[in-house]
Every structure is written in structure tokens, then in C-alpha cells.
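*Asks:* So the chains spell out like this:
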Amino acid sequence: MKRNHFRVVTGCIFALCLMVSLTLSTAFAAGKPVTLQFWLRDTRPSNVEAMNKIVANFEKANPGIKIKVVLTPWDSVEQKTATAIAAGTLPDLSQLNQTGAADYGAKGVLLNLDKRYKTWADKNKVAKISLSQAMYNGHYYAVPWFAGSNVMFYNKDLFKKAGIVDQAGNPKPPVTWDEFLENAQKLTLDTNNDGKIDQWGFVVRGNVSLTIPVREFMLAAGDGDWVDTAHGNKVVVDSPKNIKGMQFYLDLYRKHKVTPPDVPSIDYVAEEQYFLSGKVAMMFNGPWNLGNMYASKINWGVALEPKSERHAAHIGGCPVGIFKTTKHPNEAWKFATYLLSDEAQQIWAIKYGCGLPATKKAQEDAKKDPVIKVFVESLQYAERDGVTPPPQIAQWVTIEQSVAPPIFQKALLGEINAKQAVQELEAAIKNVMKKK
Amino acid sequence: MKNVLNKKMRAIVHSILLHVLVVVAAVFMLAPVIWLLSTSLKDRSEMFTFPLTLIPKHFVWENYLKIWQQIPFGEYVKNSVIMALYSTFVALAISSLAAYAFSRFNFKRKTVFMRLILFTQMFPAVLLIIPLFIYLKNLGLLGSYTGLMITFLTFLVPFSTWSLTNFFEGIPLDLDEAALIDGCSRLDILYRILLPISLPGLVSVGTYCFLTAWNEFIFSMVFMPDQQGWTIPVGLNALTGQFALDWGLLTAGGIICLIPAIIVVLFLQRYLIAGMLAGAVKE
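Just so you know, the sequences run in chain order Z and A. Per our numbering, the very first residue in the first sequence carries number 1; after that it's consecutive. Per our numbering, the very first residue in the second sequence carries number 437; after that it's consecutive.
The set of hints was computed from the structure by calculation and includes no laboratory data. Being a predicted model, the structure only gives us computed values, none of them experimental. Check the hints yourself; a few may be wrong.
Straight-line distance between alpha carbons at most 20 Å, and here's what the computed SDA-like set of lysine to any residue pairs gives [claimed, not checked]:
| # | chain 1 | residue 1 | chain 2 | residue 2 |
| --- | --- | --- | --- | --- |
| 1 | Z | K68 | Z | K234 |
| 2 | Z | K80 | A | R540 |
| 3 | Z | K196 | A | L488 |
| 4 | A | K493 | Z | G278 |
| 5 | Z | K410 | Z | D251 |
| 6 | Z | K107 | A | E482 |
| 7 | Z | K53 | A | P560 |
| 8 | A | K573 | Z | K361 |
| 9 | Z | K297 | Z | K123 |
| 10 | A | K514 | A | T648 |
| 11 | Z | K80 | A | I586 |
| 12 | Z | K80 | A | T676 |
| 13 | Z | K434 | Z | N52 |
| 14 | Z | K297 | A | L488 |
| 15 | Z | K234 | Z | K435 |
| 16 | Z | K80 | A | L488 |
| 17 | Z | K334 | Z | N52 |
| 18 | A | K573 | A | F555 |
| 19 | Z | K257 | Z | T176 |
| 20 | A | K544 | A | F555 |
| 21 | Z | K255 | Z | K234 |
| 22 | A | K493 | Z | I298 |
| 23 | Z | K123 | Z | W333 |
| 24 | Z | K279 | A | T489 |
| 25 | Z | K297 | A | V496 |
| 26 | Z | K68 | A | K573 |
| 27 | Z | K80 | A | K502 |
| 28 | Z | K66 | A | L589 |
| 29 | A | K493 | Z | T176 |
| 30 | Z | K80 | A | K514 |
| 31 | Z | K257 | Z | I298 |
| 32 | A | K502 | Z | N292 |
| 33 | A | K493 | Z | Q273 |
| 34 | Z | K80 | A | I654 |
| 35 | Z | K279 | A | K544 |
| 36 | Z | K410 | Z | A428 |
| 37 | Z | K156 | Z | G138 |
Based on the sequences and whatever the hints tell you, model everything.
*Replies:* See below:
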């Protein structure tokens, strides 16, 4: 009797477990065959809202295709993709990072799109610099989607207080390196006379993706190229102009001391905090921070980054890749190129400000906004002046995240000078490029 | 007389020291939580003003509203609750049986088995992700609660089995023998004697399982591809962009995420302390 009782109880428990698991697993079973899965890395609420609108419009225009947007936040997406490659569960399409065409192109998981590009009528409508970010090793492995560029944010109130104004009394951001340094020195102050500097002219990161600020100065000095993808991926870091850019970056912190004293540990978040706290007059940053800027009480403006030989900017942006494993390459191509339509660009880049437009027409439209105008101009000047985005090489993520930062940190701490830093970088990148 | 005074003095000094220690420990543990709460109630510009303020100048509640409106936060809470309860229940069911076997039966290679279970705990979770992913995919359980629960068992069951074995071993064998004589089956002993007696132990192990499952991030992230299956930590993670994040929503979400955990611990506190002591001394 008692045994039976026990059996009934365990039996019930197991039946319950089984039922729960069956109902739950069927509830989340995979979608229908005409559905395309799209991995979206920009997962903040405004991004998701914009994407949902774009998808709704696309589905209305293409009744046969459904888009399932899967959110894959930036800091775990590489992990997720690696797992999906191993398990064969890649989506049909995915937002890639700026060198994703090279990264995943080299891994052989992206669809080669050369043939489609040949017959693609709208190709000429896309900005050249964005097209270059879809190409790896002379082949198209992705479709451009949106662009990004850095500009200089400046604190108008601090400029006025320091008397850096034009004849009409409006704050006047610097145009050249000389003016930039001069202004930065004027803006580095001890505001409460306690013998300690508590306001700085400029804030720059010394931590996390250090390559971006350093490359910006190198690009402005007239070079900025680290790897020459047109000539067999030759490493070309060690050049007089790159050393000049590096020197200027280091001097701001070490020699002129116009930046906060903790530069080596300042990351994206700290950089933004410094600027938003009103203790720093200038910083370089991208359009992704505009939401936070508008929400702040700082009276800020944007201007092109100061130039030496040319205006520099960090050119970013994301293309969309179609994976080889997709069963619906035609539909995937349709959606990827739809993202470049006026309608989709309008929503993503202009209305929601999730990035900068990648098509020439949308860029002109975006210029109506006085702030976005500066971003678009920096992008267009970059194209005009030959300012290059990070090279499309599979090793870029490694270089950016683990090769370059320790070398620059040593330079920031004064253990090596600018020339040595650039030479070390050259040797280290050569070493990485040798490995396959 | 002197002695008495001395004793009194000593007691006072003791109690002062003790209180200071307790306060320091409490501050140490509470500071991040208070900071989280304070940040979640500030408006954006105040978050970044120096000197930093502990009590916001203007209380802003909108983060707590926005989080329900801008992201499917209710869905995330539901998923977290289901996952935490589901995996706690299954983990306890499995590990109490295993612990019973380890504590009451002698069989070949018993210590080897015990060590094997401990051994599995030496691998970092990331190492298991790809194999588990392939298993779940082949079983068709990817993106389901059950699939995720099974991956949770990989770290919940070993710990629970070890702790429950300790609790069961603290219960004298005489009880089993008496029950056997009275006609109990082996499993009756587990259900009628061991489990009720070790209730504090079950509760503390269960709380551990609940909190671990509640806080789990990386498995939930990888094995739940759809947003509708996300738990709170995964959902909050999606608030961060490549270069920017919304501190207000993130901190508000963090505070809301804490509440169930705090409630669970407060209610079960009595059992928890008993449970911790119960395993401490073995006969």
C-alpha cells in the first residue's frame, strides 16, 4: 500500500515534469520556413523600436517574407556567433561590426555577394566609404547598412567663460591642432583656487579600444593606415606621420597636461561622465551618445575634429552579412538591401538616430539637422580626404582589443616614447598577421 | 568589585567592537545596493555631477515606469520566476535522491562517484556552452524552459547533492533502522523521515538554487535566442549598446531584480541559519 502510494507520487511528479517540458518546448519551437532570422546587435529600446517599424514596413511590401529580429547585445554576440557556427545554427542575416566582413569572411561563413553586386542597381547610391566596409580581400561579403563617425563635442559655456569666442560672442571651437592645443590650455584651470586643477580642456580615453583616439590623431597627421589591404596586407604603421600623431596624443596628457590626470584608465563611460559633469571642455565622440547628450543639462555643440593635415574622424558603422547556411539567400538579400532604402534609412538613421545614413540621398536629408550635419560632413570629408576606416582584416578585433592597448598604455605611462610605441606596434601587428 | 567592573567593561568593549564590525560589514555589503537605488532615482544630469550625491536632489521615478514600457520587462520577470522555481524544484528532486543514496548505501566506487560530482564543478561554464548547445539543439529543446533548466542542473545538482548528503549524514542511522523494522520501505524513509527532518537543509539548498538560477546570465543568454524567453539579467544586458548605455533603466532594473531575492531570503532566514548550522557538525 505504502509502496503504491510512493509510486503514485513519483509517477505524478515525472508526468508533471514531462508535461511541463513538452508544453514549454513546443511553445518556443522554431519559426516557419519563410521566416528570416536577423540578428540585431544594437539592442537599446530606441534601436528595437526603429527596427520593428522597418520590419513592419518591409513585411507589408513583401507579404511572402517574415523577419524575425533576434536581439544579440554587443558584448555577448561574438560568443553567441561562435556557438552558432559550431552548432550550425547561424541566422540568415546578422548585423556585423565594422570589420565583420573580414572577420567572418575569413572564417568562411558569409555568403560571397560579388555576383549580386554586379547587377545591383542601387550600388551607386551608397557612400563609398560604407561600401569599403562591406568588402574583404577584394570580394563583397556584406551589405552596407549605416555609418558612424566621431566629431568633437565642446562645452559652449566653458568656451564663453574662457573668452574663446568669435566676433559675435559665440563660442568658437578650434579648427587646427594649434588652436586646439591653445584652447585646451586656456580651458585647463583651477576654478576654485585651491591649488588643484579641476577643469580640463580635453578628455580622451586611455583604456578600451585605445586604437580609436590614437588612430584619429594619426589620421589627422596625414596617415593613420596600419595595414595596407590593397598591397597584400602589408603592415605600414611605422611612418613619420603616424609617429607625429602618436606624439600629439601623448603630449596632450604627458607634456601639456590638458587632460584629466587619470587618462590611462578612462574608458567610454568615464569619458562621457567627465564631459557630462561639465569639468571638461572638449571630447571626441560618436552619434551613439547623442541621446545622453540631449538628456543632459550641458550646453554643448559639435564641430569637426581639429585638423593637422586634414580633419580626422573615426569612421565606424555596421554592414549586414548574409550567412552561407541560409536557405533563402534571395529573400535575405532583399531585406539587407531594403535596409538601404530611403524609407528604412529615414527611420533608422534620421528619425531614431541609431547611426549615420549610408546612402548619399539620406545623408543629404540628414543634414537638415544642425547636429547630424556635422557628423555627416565629417563622414563626407573623410571620403574626400582619404581618411580610412579601420582596415578590413580578420585580425583587426585582436589588434584593437589586445595588441595595441598594452603598447599605448606603456607610452601613456612614459615607459616608451612615441617612436618606440609605433615601432613596437608595427612589430606586434606583423606578428599577429603572420598567424592565420 | 574591581573584577565585576572589569568584566562589565570588557563586555561593553566587546559589544562595541562587535557592533562596529557588524556595521562595517553591513555598510560594505549594502553600499552598492544603496548606490544602485540612489542612481536609479536620479535624473540623467545628476548622475554625472561631481561631487556625487547620495540622496538625489530631485527624485525621478520615471525609470521605474519606463522600464515596463520600453522593454518587455514583465515578460523577463515571468521568465526569471519560472526558471528559478522550475530549476530549484527539479534540482532538489534529483539531488535529494542522489544524496540519499550517498548517505545511506554502500556501493562500489562510492567515493569515486562523490569526487566525480565534485570534479564537474571544476570546469568553467563557458567550456560547456558549445557541447550543451549542440545537445539541446539535437533534443529540440533550444529556447525552451526545460532546455535551459537542464543546463542549470549542470551546476545546481552537484552542489545540492553534496550539501544534502552532509545533512542526511547528520541524521542518525538508528532512525532508519527503526523505520525499517516498522515496515517502511527505503524510499519511505527518505520521504517520511530524512526530508522532513532536514527541512532547514532543503530550504537553504533550495534558496541557493533559486538565487543561482535567478542570477544566472551566460547560459540564459546563449540558450534563449528569443527575446520572449529572456530572463531579467539577459534583458537588462540588452540595454547596453556598443558604446553607450542607459544608466537609469539599468539601475532601476537592477533594483527590481533584487526584490524577489530579498523577499525569499527574508522569509526563509530562520531556516537558512538553522540549515547552515545543521551541516556544520557531523556525528
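*Asks:* Against this structure, judge whether each hint is valid.
*Replies:* These are the hints, each one checked on the structure:
no.: 1; hint: Z:K68 with Z:K234; in the structure: 41 Å, violated
no.: 2; hint: Z:K80 with A:R540; in the structure: 43 Å, violated
no.: 3; hint: Z:K196 with A:L488; in the structure: 19 Å, holds
no.: 4; hint: A:K493 with Z:G278; in the structure: 18 Å, holds
no.: 5; hint: Z:K410 with Z:D251; in the structure: 14 Å, holds
no.: 6; hint: Z:K107 with A:E482; in the structure: 46 Å, violated
no.: 7; hint: Z:K53 with A:P560; in the structure: 40 Å, violated
no.: 8; hint: A:K573 with Z:K361; in the structure: 44 Å, violated
no.: 9; hint: Z:K297 with Z:K123; in the structure: 42 Å, violated
no.: 10; hint: A:K514 with A:T648; in the structure: 16 Å, holds
no.: 11; hint: Z:K80 with A:I586; in the structure: 19 Å, holds
no.: 12; hint: Z:K80 with A:T676; in the structure: 16 Å, holds
no.: 13; hint: Z:K434 with Z:N52; in the structure: 43 Å, violated
no.: 14; hint: Z:K297 with A:L488; in the structure: 16 Å, holds
no.: 15; hint: Z:K234 with Z:K435; in the structure: 14 Å, holds
no.: 16; hint: Z:K80 with A:L488; in the structure: 37 Å, violated
no.: 17; hint: Z:K334 with Z:N52; in the structure: 17 Å, holds
no.: 18; hint: A:K573 with A:F555; in the structure: 26 Å, violated
no.: 19; hint: Z:K257 with Z:T176; in the structure: 19 Å, holds
no.: 20; hint: A:K544 with A:F555; in the structure: 18 Å, holds
no.: 21; hint: Z:K255 with Z:K234; in the structure: 33 Å, violated
no.: 22; hint: A:K493 with Z:I298; in the structure: 17 Å, holds
no.: 23; hint: Z:K123 with Z:W333; in the structure: 13 Å, holds
no.: 24; hint: Z:K279 with A:T489; in the structure: 16 Å, holds
no.: 25; hint: Z:K297 with A:V496; in the structure: 15 Å, holds
no.: 26; hint: Z:K68 with A:K573; in the structure: 19 Å, holds
no.: 27; hint: Z:K80 with A:K502; in the structure: 28 Å, violated
no.: 28; hint: Z:K66 with A:L589; in the structure: 35 Å, violated
no.: 29; hint: A:K493 with Z:T176; in the structure: 41 Å, violated
no.: 30; hint: Z:K80 with A:K514; in the structure: 24 Å, violated
no.: 31; hint: Z:K257 with Z:I298; in the structure: 23 Å, violated
no.: 32; hint: A:K502 with Z:N292; in the structure: 16 Å, holds
no.: 33; hint: A:K493 with Z:Q273; in the structure: 18 Å, holds
no.: 34; hint: Z:K80 with A:I654; in the structure: 10 Å, holds
no.: 35; hint: Z:K279 with A:K544; in the structure: 70 Å, violated
no.: 36; hint: Z:K410 with Z:A428; in the structure: 14 Å, holds
no.: 37; hint: Z:K156 with Z:G138; in the structure: 45 Å, violated
In summary, the numbered hints that this structure violates are 1, 2, 6, 7, 8, 9, 13, 16, 18, 21, 27, 28, 29, 30, 31, 35, 37.
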